[in-house]
Amino acid sequence: MPKQIHLAAHFPGVNNTTVWSDPAAGSHIEFDSFVKLAQTAERAKFDFFFLAEGLRLREQGGQIYDLDVVGRPDTFTVLAALAAVTTHLGLAGTINSTFNEPYEVARQFASLDHLSDGRAAWNVVTSWDAFTGENFRRGGFLAEGDRYTRATQFLETAKELFDSWPADAIAADKANGVFLRDPHAGEFRHTDQHFDIAGRFNVPRSPQGRPVILQAGDSDAGREFAAATADAIFSRHGTLQEGQKFYADVKGRLATYGRERDELLVLPAATFVLGDTDTDAQEKARIVRKQQVSGATAIKFLEQLWNRDLSAYDPDGPLPEVDPDVSDQHIARGRASVRMHRDPIAVANEWRERATAEKLSIRELIIEVTGRQTFIGSATTVADSINELVQQDASDGFILVPHVTPGGLDEFADTVVPLLQERGVFRTEYSGPTLRDHLGLAVPDRPIREVA
Amino acid sequence: MPNLHLAVALDGAGWHPAAWREQEAQPADIFTARYWTGLVAEAEAGKLDFVTIEDALGVQSDDPAHVQGRLDAVLIASRVAPLTHNIGLVPTATVTHTEPFHISKAIATLDYVSRGRAGWRVQLSARSNEAAHFGRRQIPALDPANLDQQVVADLFDEAADYVEAVRRLWDSWEDDAEIRDAATGRFIDRDKVHYVNFEGRFFSVKGPSITPRPPQGQPVVTALGHAEIPYRFASRAADVAYVTPTDVDNARQIVGQVDVKHVFGDLVVFLEPTSPGFTVEPFTSDAAVFSGTPSQLADLLLEWQAAGLTGFRLRPGRLPADLRGITRGLVPELRSRGVFRTEYEASTLRGLLGLPRPANRYAEGARVA
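The listed protein sequences correspond, in order, to chains A and B.
Here the first sequence stands for residues -17 to 434, numbered as in my numbering.
Here the second sequence stands for residues 2 to 370, numbered as in my numbering.
No lab work stands behind these hints, which were simulated from the structure alone.
Every clue listed holds true.
The following label-pair restraints were derived from C-beta to C-beta distances: (1) 430/A with 138/B: 29 to 35 Å; (2) -17/A with 181/B: 43 to 49 Å; (3) 430/A with 190/B: 54 to 60 Å; (4) 278/A with 138/B: 43 to 49 Å; (5) 137/B with 244/A: 38 to 44 Å; (6) 69/A with 130/B: 36 to 42 Å; (7) 370/A with 138/B: 51 to 57 Å; (8) 151/B with 428/A: 41 to 47 Å; (9) 359/B with 290/A: 41 to 47 Å; (10) 137/B with 227/A: 41 to 47 Å; (11) 198/B with 426/A: 42 to 48 Å; (12) 198/B with -3/A: 24 to 30 Å; (13) 69/A with 64/B: 34 to 40 Å.
As the structure is a computational prediction, the values presented were derived from the model and not from experiment.
Even for Gly, the Cβ is constructed at its ideal location relative to N, Cα and C.
Bound conformation, chain A alone:
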């Protein structure tokens, strides 16, 4: 039997991937948009729905960034509401391990898992920046180098809380007046560098035992964290060669932690453009890229590398001759991508050489260097590409990011999914009620921990 593909639907986010100017684009905040995308994903038998999160509005040049979608709901609250209008779809939320505390987050995920009958998933992210910290009690308390130790210990603490109630703790025996079979249910004690907490957790063990854990880090520390603790890793390596390399790398790390290769799924994010023919899709993809990278957006992207105000430059003209400013104070804040430019001057030289050689304007260059869509083609072409990447171990499936809210998944659901089902590589019915069932993951054991 061929490998089975896993698919998730990412609610379009606050990057320029999302084309809000499309005539079909709806609200990014009204609940109807979330319902629409989630119900499409469930109709198509997707594994889960995915919500990203950012805890401070982005800024550039000291002002709130206004060219992309701005504004989003509270993750837990919208997922709990979606549990009421779906029956099988997994509900995955991104929750930060820096600006939260384990007791509260664990009870929110355990509650979500109860209220969805076992469909909760947690994408654990880390951040350290004082910029985001300005919205929270402790401010920017965490050093960058400590973010994975905090995340690791946060998750370990949360697992202790998830495991603190035996599955059969509640007797609810009316005749004998015994509500709790185990009077110690929920007791915990955890002390480490970041957390010193003790007491009783107040949510009984949830249907999945624990939520499914997703992780998105790409650094060495991030990959190690995922190999040690995650059920699925959300990567950005969607091509065959890069995907295979990443896949082999993270799966290779599992043995160290006594885990099997199928205990960690690799799910790259992927965008797509469908057309009646491949040529038609290519043409559409070109138009979408131009919508995603307006002249103003191109200048803002360039500023993120150059770290300078480039508002005087013409997006249809050549790249700046001045070099990037490599000082610590960065023009763009609240963006994970900013720290990817480790050597801005080298990248700038590379971009200038490419622009000269290919006769590209600023906008044309940014369209080229910020990445084309992962899958472009007819439904058959896209279905074949997805299947090939999965069968050749470049991934276990994809987290699809539509570029239009909320209808951007409809065509995929209607045309690509049936082809994958015909090829016998994607479910036609859900095999069970929980997200762990969809992902082929066992309910975790409940280790007995000594509570001193």
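On the provided structure of chain A, position chain B as indicated by the hints.
Showing chain B alone in chain A's frame:
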């Protein structure tokens, strides 16, 4: 006499510690969505103004004979929202160990998913065991008989700051901040999205919220109080105060101390449809306990209403029995006396409570005014 406002307070299997052992009780279902959906649907069928959902950051008791464990109340409310249409949803959320930024967007999002029916029961925690669940501060064990007034005053001052920060965050986006201006490529008009710059003794919050202004502008803030310090807090922070009078004179006196648009009387209720003869196991609560027929309860509510209360938050002693006693016994009784709605007259919670949608404190017009 104006119409009464009626809310019910949902907690576990009911407010009586042995309620879960009643014949009709469903104690094994307390941790399921269908349990809460059923209760809120029953309250909505009775056209009640809103339900509150109790919560806390710890277990209720250490007695294995009592219900223990709770689901997060904001998430219960959100789970129920798409399946109900008119009733207000007012979860409890604790302010003492949590983040104003998170609660602000959670209640705002509840307002979005319920299309304008969100409220919040602000609760603070003076329990040292709950502080130990977070490990960020110590709260001395308080003796309820001899409260350290400074500790209490600080907790309420922090709660008042918290509500202020949350309210500013709700207003941090003007209603028309999203412009989608194709000509300039701008999704928002950033001049209409505001830093809240809250700075107080206990924390600071920069803002703006990541969530746009909710449908009601300001969801309904509610708080329970039994004494002068909480009354002052409610007067500063709340739209609805819950108070616990012992009799009609006490109700009149409390109403004079609380400067809030709505002052609701809290009562634990055990309702018997016809005979007044049954007795409840001895039980005391912070609120007065009523036991009797719907008609007797209606008499009491009208008497207390005349003392200045605008409504009541009834705490059903046993679920679902006393909730049904309210919706199927008390409500028809009040209607027959012409003091309770027969249909919902508004689609938002503010609407049901007669609270206008407030102007945004950061909007240009509001600043001038």
